[in-house]
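**Student:** What follows is the residue order along each chain.
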Amino acid sequence: MHSTAPRRGAVAAALALGLVAPLAACSAEPASSADAQQYASWEEVLEAADGQTVKLWMYGGDEQGNAYVNDVLVPAAAELGVTLEQVPIADTPDALNRILSEVQAGETDGEVDLVWVNGNNFGTGKEAGAWECGWTDLLPNMALTDPDDPLLLNDFGTPVDGCEAPWHKAQFTFVYNSDTVTDVPTTLDELLEWAKANPGRFTYPAPPDFTGSVFVREVLYSVHGGPDGVPLAYSEEDFAELTPALFETLQELEPYLWREGTTYPQNSNELNELYANGEVDFTMTYGPATLTALVEDGTYPAGTKVLTLEEGTVGNASFLGLASTSGSKAGAMVVANLALSVEQQVAKAQPDVWGQFTVLDLDQLSDEQRAQFEALPESPVVPSYDVLSENANPELASAWVTPIDEEWRRLVLTQ
Amino acid sequence: MLTTPLPGADARARQRASRERWVGLAMVAPALAVAGVVVVGGIGMSVVQSVGLLPLVGEARFTLDAYVANGDELLTGLALSLGIATASTLLSSVIGLAAAVIITQGRITGRLVAGLSAVTIPVPHLVGAAAVGLLVADSGLLPRWFGVEPGAWPDLVGGPWWVAVVLEYTWKESAFIALVVAGVLATRVARYDETAALLGASRARRLRHIVIPLATPAVIVSAIIVFVYTFGSYEVAWLLGRPYPEPLPVLAFRLFNSITLTSRPEAAAVAVITTVVSLLAVAVGMALLRRTPLWR
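Protein chains in written order, with the working numbering: chain F, 1 to 415; chain Z, 1 to 296.
Hints may be right or wrong, so weigh each one.
What the hints assert, rightly or not - Pulled a few chain Z residues facing chain F out of the computed Cβ check, cut under 8 Å:
(1) 57
(2) 65
(3) 75
(4) 138
(5) 146
(6) 152
(7) 154
(8) 160
(9) 242
(10) 243
(11) 257
(12) 261
As the list claims (entries may be wrong) - Derived Cβ-Cβ restraints for the label pairs, each shown as a range:
(13) Z:291 <-> F:415: 42 to 48 Å
(14) F:109 <-> Z:39: 24 to 30 Å
(15) F:53 <-> Z:105: 53 to 59 Å
(16) Z:33 <-> F:241: 33 to 39 Å
(17) F:303 <-> Z:142: 25 to 31 Å
(18) F:403 <-> Z:119: 46 to 52 Å
(19) Z:82 <-> F:362: 56 to 62 Å
(20) F:311 <-> Z:39: 54 to 60 Å
(21) F:199 <-> Z:62: 48 to 54 Å
(22) F:109 <-> Z:86: 57 to 63 Å
(23) F:406 <-> Z:23: 44 to 50 Å
(24) F:277 <-> Z:86: 32 to 38 Å
(25) Z:23 <-> F:70: 53 to 59 Å
(26) Z:68 <-> F:372: 55 to 61 Å
Please keep in mind that the hints were generated in silico from the structure rather than gathered at the bench. Glycine included, each C-beta is placed from N, C-alpha and C at the ideal position.
Bound-form chain F, shown alone:
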């Protein structure tokens, strides 16, 4: 019977090989977009969309955003015959990774239809074939946007190419407690000086957190005298020449940060908690619109104010990307078009709803439509988009983002 042992071994080996070999064989190939989902006109899209279910994957850490989608956008989509479901995620790369895994597996009816996306998530996804492209021309409401708006043509330096439909604009904003900060900084340089003069009262989230990452890029602009000092397109030479001054500045700053800079908040929520708890005097956000409600309900100190910097801050637009692996592309297009409509953009801009700035060009609207935007209430905490976006700085190309984040990890976090 001693012959069974090797035979059993051979069976196990064959079993293992049989399981592993097909895995190795199916290396990544871009999923060929299903021809059944190509549409020539908006009518065809509407017809195909009827009865489809669309899953919108979006960052779920913003309660107002969740409420807007579920209470306003979902019912409106249902009227058009599309069942919209929100999939709240911790971070946008979760959605991108899901699509990439589906692309790898050749899936054509994946779990992801729409993704709230921009920046390097969009750029990397486009490179890897995660997005359906060239479909936004079909959307009737695209006519309400400015065709030459640079924020809508390039997403962190990656040409949009109809691979995503605009959703809202954002302005990076510093927030401070005016009860404890008496000598208010007016430039980023002064803010860093303030941090050094008040040890332990300032910090920023650790990149690759979105907010922490943009803070580091703001400092990069600042140490080179503004956005003009840094070419938007990435090159290794520029990186080698320009970033040493940035990391030197951040290393010098480190001992004066919260917990002496031995650690950093892991994400912007942790920083917001520190601010709400009075442990630091500054926080920062891409969504200043939420501040009004946070001050009103007492989460943030009553003295909370927006800090406008002389040199301006980074502004960008965010989009709805359509997954190349989606099986409900028509439904997704209908939702993207709906999200661009005047009614939805106005509803979303209400400070007590979500307060997101519109991507529509007010000059393209009728007087009546424009009046709806002009009637939006003013906030005691947050100035209007015009004031916030004054001197708005362009975002660096997304190719800059990952190298800076990784270098920050190597030179600042782990030192």
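Got chain F; can you put chain Z on it based on the hints?
**Tutor:** Here is chain Z on its own, set in the frame of chain F:
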């Protein structure tokens, strides 16, 4: 007409034995297949990805780059994970054993401890981690109760010693060990204990010579499970930890989710290393188990 039954009977017996073996194999086949798909499929996928044979972009070719790409972070992560898992396992074993002894005493305190352990088990680790965070963070319930300023409170959450992480694991896993060990003790210890008591052995001597030796195999087995679990668990360490250094599972997940397309093989490499270390830990634990006198 003289028959020689022995060779034929021998052959039949051998045939029967062989048939039984195949029947046995056929009966465990479904279980083997499921375990095979999960273990061989999952781990096989990770191994294949980690050596560059399943890239997201570019050509598939064998390379070990993914194993060296994060050399330093991998070593610090390994040390940190081993530290967290060892501390959690030791603390849980000591507390769990003590709780098991109290439970088997069977008095009202015993029933209380058994009840507490039973309630602890079904709490998911994620909920446990959130609860520990709310309790002991700078802005948590405890510092507020004691009126301690956030700056004066020790860095338990996200601090350099990972106290909150070990605390959460110890809380959950000591309850697990307590129930497993109490189950073993309840069936085996009573008779020996009573006999020894009748023969005049003191409480301390009974504990030392009867209860602890009887409990040791169960403690070792459950400690192996706790070690491997805490070594490979992600959410508690992420929620209550700090951005650097990272335990292996957190490192693997960050790399997997990283926006750089080439970092997926690196994530798979970290996962493979985590698996190998876990298997080694099981091997060491089983070797220890075989050396206990009561192992059957």
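**Student:** Look at each hint and say if it fits the structure.
**Tutor:** Verification of the hints:
1. Interface hint at residue 57 of chain Z: satisfied, since its Cβ lies 6 Å from the closest Cβ of chain F, which is below the 8 Å cut-off.
2. Proximity of residue 65 of chain Z to chain F is violated relative to the hint, the smallest CB-CB distance being about 16 Å (cut-off 8 Å).
3. For residue 75 of chain Z, the interface hint is violated, the least distance from its beta-carbon to any beta-carbon of chain F being 12 Å, above 8 Å.
4. The beta carbon of residue 138 of chain Z is positioned within 8 Å of a beta carbon in chain F (closest approach about 6 Å), and the interface hint is therefore held.
5. A least Cβ separation of about 16 Å between residue 146 of chain Z and chain F goes past the 8 Å threshold, and the interface hint is therefore violated.
6. For residue 152 of chain Z, the interface hint is violated, since its Cβ never comes within 8 Å of a Cβ in chain F; the closest pair sits about 12 Å apart.
7. At its closest, the beta carbon of residue 154 of chain Z sits 11 Å from a beta carbon of chain F; the interface hint therefore is violated under the 8 Å criterion.
8. For residue 160 of chain Z, the shortest C-beta to C-beta distance to chain F is roughly 7 Å, which falls under 8 Å, so the interface hint holds.
9. With 8 Å as the threshold, the beta carbon of residue 242 of chain Z comes within range of chain F, its nearest partner Cβ sitting at about 4 Å, so the hint holds.
10. Taken as an interface hint, residue 243 of chain Z checks out: its beta carbon lies about 4 Å from the nearest beta carbon of chain F, inside 8 Å.
11. Evaluation of the residue 257 of chain Z hint against chain F yields a held restraint, the C-beta minimum of about 5 Å falling below 8 Å.
12. A least Cβ separation of about 6 Å between residue 261 of chain Z and chain F falls short of the 8 Å threshold, and the interface hint therefore holds.
13. Hint check: residue 291 of chain Z to residue 415 of chain F, Cβ distance near 45 Å, so the stated range 42 to 48 Å holds.
14. For residue 109 of chain F and residue 39 of chain Z, the Cβ-Cβ distance of about 29 Å falls inside the hinted range of 24 to 30 Å, so the restraint holds.
15. Judged by the Cβ atoms, the range 53 to 59 Å given for residue 53 of chain F and residue 105 of chain Z holds: they are separated by roughly 58 Å.
16. Checking the proposed 33 to 39 Å range against residue 33 of chain Z and residue 241 of chain F shows it is violated: the Cβ atoms sit about 58 Å from each other.
17. A beta carbon spacing of about 28 Å between residue 303 of chain F and residue 142 of chain Z agrees with the range 25 to 31 Å that was offered as a hint.
18. A C-beta distance of roughly 50 Å is found between residue 403 of chain F and residue 119 of chain Z, which places it inside the suggested range of 46 to 52 Å.
19. Taking 56 to 62 Å as the suggested C-beta distance range, the pair residue 82 of chain Z and residue 362 of chain F conforms, at roughly 60 Å.
20. Distance hint check for residue 311 of chain F and residue 39 of chain Z: the Cβ-Cβ separation is about 57 Å, which falls inside the suggested range of 54 to 60 Å.
21. In this structure, residue 199 of chain F and residue 62 of chain Z meet the distance hint of 48 to 54 Å, their C-beta atoms being roughly 52 Å apart.
22. In this structure, residue 109 of chain F and residue 86 of chain Z break the distance hint of 57 to 63 Å, their C-beta atoms being roughly 46 Å apart.
23. A hinted range of 44 to 50 Å for the beta carbons of residue 406 of chain F and residue 23 of chain Z is inconsistent with their spacing of about 57 Å.
24. Checked against the hint of 32 to 38 Å, the pair residue 277 of chain F and residue 86 of chain Z passes, with Cβ atoms roughly 33 Å apart.
25. Take residue 23 of chain Z and residue 70 of chain F: their Cβ atoms lie about 56 Å apart, and the range 53 to 59 Å holds.
26. For the pair residue 68 of chain Z and residue 372 of chain F, the beta carbons lie near 59 Å from each other, so the given range of 55 to 61 Å is met.
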